[in-house]
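Could you build the full structure based on these sequences and the hints that come with them?
Last residue of the sequence shown: number 558 in the numbering used here, and the count goes up by one each step with no gaps.
Derived by calculation from the structure, the hints in this document are not laboratory data.
We treat Cβ as the ideally placed atom computed from N, Cα and C, and that holds for glycine.
It is possible that part of the hints are untrue.
[Unchecked claim] Distance ranges between label pairs, derived from CB positions:
hint	residue 1	residue 2	range
1	70	322	24 to 34 Å
2	512	196	24 to 34 Å
3	103	341	24 to 34 Å
4	393	113	45 to 55 Å
5	100	260	29 to 39 Å
6	112	70	38 to 48 Å
7	93	319	26 to 36 Å
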Amino acid sequence: MLSLATQVAGTRWGTCASCIDGATVNTISRSGIGRLRLEPDDEQSSRPVLRGLGFGNGARLPDFVYGRVKREAAPGDPPSSVERRRPPEEWDIVVQDVYPAYLSFDAYLANRRQLRDNLSNFACKSRGAPREGAALLHGLVVCGRCGSRMAVSYGRGDQHRRYECRRAQANYAEPACQSFLAREVDRIAAEAFLDAVRPAGLETTIAALQGLAEERRSIDHQWCLRLERARYEARMAQRQYDAVDPDNRLVARELERRWEAALGAVDHLEQEYAHLQRTELSPLTEEETEEVRRLAADLPALWHAETTTAVDRKRLLRLAIVEVTIVADAVARTADVRLLWSGGAATRHSVRCPPPGWHLRTDPDVLAFIRDLAGQHPDHRIANRLNARGLRTQTGKPWTYDRVASMRRVHGIPTGCPVDTTNRQDRSDGFVPAAVAARYLGQSLAAIRVWAHDGALSTDQRRTASKIWVRLTPEDIARLDGTADVTGLPTLSEVTEQAGLTRAAVWQRVREGAFIAYRTSRGPAPSSQWEWRLRPIGASLSLNPDSARKEMEQHHEA
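Below, the structure written as structure tokens:
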């Protein structure tokens, strides 16, 4: 008979067989049924004990091990002995797959490595877990001068984050070793990573799809185990209720309540499992798999996608990059970066830090673009052109009228298209103030504003309440003063009847450029009655009834 010690981890209550003549002990606890391991206590004693190699969650490994601890003598009077745990690679005997378990030995070792790597401990060569910060190389950057791991400083925000070596400053009150702008180093590392893994993009996608399938099967297996456990407890409660003496009413009532609770738990789990099967994503078909492969093959697009978080990018980098060594030159504002890849290869790169005050300086190309457009375009049109090209200010903000005007004033760039109409007769792009247009056409200022709103005049206005500039060419004057030839052009009423639109909808088409409006007298001259005639551009009149009806309905709804 062997002397045994038993332990049940991860539970506040449970039962175990204390008198066992064998190599394993069955345990029943809140976390499930597991197995404990028979193992010699140490190298100096043949007394076997039961050890659990899980993480305290009730899971047990299927391996027999010997030499997990080593007893050492400690000096003293009298001397004492101390037990020290040994890492798995130093265990004397490891016999795998001796007992059934939920966790394999390889998975156990992988978990230990991951947990150790998540510790932020330079002495143990740990990189720390990837976090939500913007610095992509956190935990990987090493100082090329003292060999210490460099920390990340977010003193002025993500845009100005830096990698700093503060080991000597923290330990010996000496000046900081070196620091460099993290954004430039991250950019070099990301470009090198994308260049290195582009050929393997498709294989990475295939492995990811297989991993998702394995995860789905693992989750389904766990649900089956939960259902099996609940049904077993229900059958056990039923047998206990069947075995009770009917005269013991209190006991029978309590056992009946337990049986009903167990049946309710089974029903609840079955409903949850059925709901999960209905709502979870179904496996991809072959066509969908090929489509996913095609889309995922472009790894740079996935890297720059908005849905990809900083943690995801860090995990991708850590798959390929082991260490980044930096040697910075503060005077030249440059740094030599050495990337150590997981395969053992190393590449060297040179990084240049932007000059001081770069975040306050506008790019020379942007200034040249503003200077070229300022003579023929107003400031708000220039802002739209800059934003359409994807250009931003040095601080990452979109261009507006005020920012363009401020940039012109600072750099002394004149404009040929002002927004203010005071004491102005025209501007370089051919627009004139609304008051000048009214004087040329012999109309009131209110009529010019109505024509501009309807689209009969081409206008430029910074915003709704600002001054109106009108494009007034000789052709525009001819079609608005009644001297243009309008023979064969339909009237506004004829267009509304033919197209099936309201007058407001037709004027909307005029504003969109589908028609050109002509103002002409109604009847023989001289006549005080005027009317509008419209000249279609392209196939504006060839509206089918369905589209015309739909457009009219949308207009009425608006």
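Results for each hint:
1. 70 to 322: 24 to 34 Å: 31 Å, holds
2. 512 to 196: 24 to 34 Å: Hint violated: Cβ distance 51 Å, outside 24 to 34 Å.
3. 103 to 341: 24 to 34 Å: About 31 Å separates the Cβ atoms of residue 103 and residue 341, which means 24 to 34 Å holds.
4. 393 to 113: 45 to 55 Å: Check passed, 46 Å falls within 45 to 55 Å.
5. 100 to 260: 29 to 39 Å: 33 Å, holds
6. 112 to 70: 38 to 48 Å: 18 Å, violated
7. 93 to 319: 26 to 36 Å: 34 Å, holds
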